[in-house]
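Novice: Once you have looked at the hints, place chain B on chain A.
Take a look at the letters that make up each chain.
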Amino acid sequence: DSGVTQTPKHLITATGQRVTLRCSPRSGDLSVYWYQQSLDQGLQFLIQYYNGEERAKGNILERFSAQQFPDLHSELNLSSLELGDSALYFCASSVDRNGYTFGSGTRLTVV
Amino acid sequence: AQKVTQAQTEISVVEKEDVTLDCVYETRDTTYYLFWYKQPPSGELVFLIRRNSFDEQNEISGRYSWNFQKSTSSFNFTITASQVVDSAVYFCALSTNAGKSTFGDGTTLTVKP
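Chain order of the listed sequences is A and B.
Numbered per the numbering used here, the first sequence spans residues 1 to 111.
Numbered per the numbering used here, the second sequence spans residues 1 to 113.
Everything labelled a hint here was simulated from the structure, so no lab data went into it.
Honestly, I wouldn't trust all of these hints.
[As the list claims (entries may be wrong)] Capping the alpha-carbon separation at 27 Å, the derived lysine-lysine pairs in DSSO-like fashion look like this: (1) B/K112 x B/K16; (2) A/K57 x B/K100; (3) B/K3 x B/K38; (4) A/K57 x B/K70; (5) B/K38 x A/K9; (6) B/K100 x B/K16; (7) A/K57 x B/K3; (8) B/K100 x A/K9; (9) B/K70 x B/K100; (10) B/K38 x B/K70; (11) B/K112 x B/K3; (12) A/K57 x B/K38.
Bound conformation, chain A alone (with noise of 0.2 Å):
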């Protein structure tokens, strides 16, 4: 156990549907990071919070969104979802940007 928790560990959703995939971060730690791994994109970082706030967007596209709570656990919502969002979404957490830890990740399948 990493200490970073990620749910579900599976998802499986229509087309045109919303999910959200839930990320609670090593105890300590305030930054949390969200990527996408798919086949077609590879390893994307998508966006990142700090203690609450956004740090760094990277590539998100408008139907996603994230939030960090204040206690520091993180929601990434993904809406309108096509088959290409099917993917494998890791968060991970850091805390001073010298080591980040995994979790084990969301298998999102869009059908």
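Specialist: Quick look at chain B alone, frame taken from chain A:
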């Protein structure tokens, strides 16, 4: 724009061989960070190292070592005396000071017993 190139798609070695994974990057930023990650067959991602652009000192951690050369925009990763457990996909990544990261396509390393 920034780019990370891992020219070696797949590498296969026999256990105990040394192996070097290449990473070449492009960026216009003067401050940036370079990373290596490991993704074993089980699928999780493991952070290995982060270096900033002002620190060209080579780093060694056990059997792992990293060679950062700004002159050639390279950040290569060497595994000494490889083991079967080193079999994984290895990703090199570049992050700007603004925090946006770009990943290479990964190198699949297979270490045969």
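Novice: For a C-alpha distance cap of 27 Å, please report whether B/K112 and B/K3 respect it.
Specialist: Distance of about 31 Å is beyond 27 Å: violated.
Novice: Would you mind confirming whether the straight-line C-alpha gap from B/K100 to B/K16 stays at or under 27 Å?
Specialist: Violated, because 36 Å separates the two Cα atoms, which is more than 27 Å.
Novice: Would the pair B/K3 and B/K38 pass a check requiring their Cα atoms to be no farther apart than 27 Å?
Specialist: 19 Å, holds
Novice: With a cut-off of 27 Å on the C-alpha distance, tell me whether A/K57 and B/K38 pass.
Specialist: 23 Å, holds
Novice: Against the 27 Å threshold, does the CA-CA distance of B/K70 and B/K100 hold or violate the hint?
Specialist: 20 Å, holds
Novice: Given the hint that A/K57 pairs with B/K100, test it: the Cα-Cα distance must not exceed 27 Å.
Specialist: Holds. A/K57 to B/K100 sits at ~6 Å (cutoff 27 Å).
Novice: Given the hint that B/K100 pairs with A/K9, test it: the Cα-Cα distance must not exceed 27 Å.
Specialist: Roughly 26 Å separates the two Cα atoms, so the pair holds.
Novice: Quick one, are A/K57 and B/K3 close enough, alpha carbons at most 27 Å?
Specialist: With a Cα-Cα distance of about 17 Å, the restraint between A/K57 and B/K3 holds, given a limit of 27 Å.
Novice: Holds or violated: are the alpha carbons of A/K57 and B/K70 at most 27 Å from each other?
Specialist: Holds - the C-alpha atoms of B/K70 and A/K57 are around 26 Å apart, at most 27 Å.
Novice: Sort out whether B/K16 lies within 27 Å of B/K112, counting only the CA atoms.
Specialist: Given that 27 Å is the threshold and the Cα spacing comes to 9 Å, the pair holds.
Novice: Given the hinted pair B/K38 and B/K70, is their alpha-carbon gap at most 27 Å?
Specialist: 23 Å, holds
Novice: Assess, step by step, whether the Cα of B/K38 is no farther than 27 Å from the Cα of A/K9, and give holds or violated.
Specialist: 20 Å, holds
In this structure, the hints that do not hold are numbers 6, 11, in rising order.
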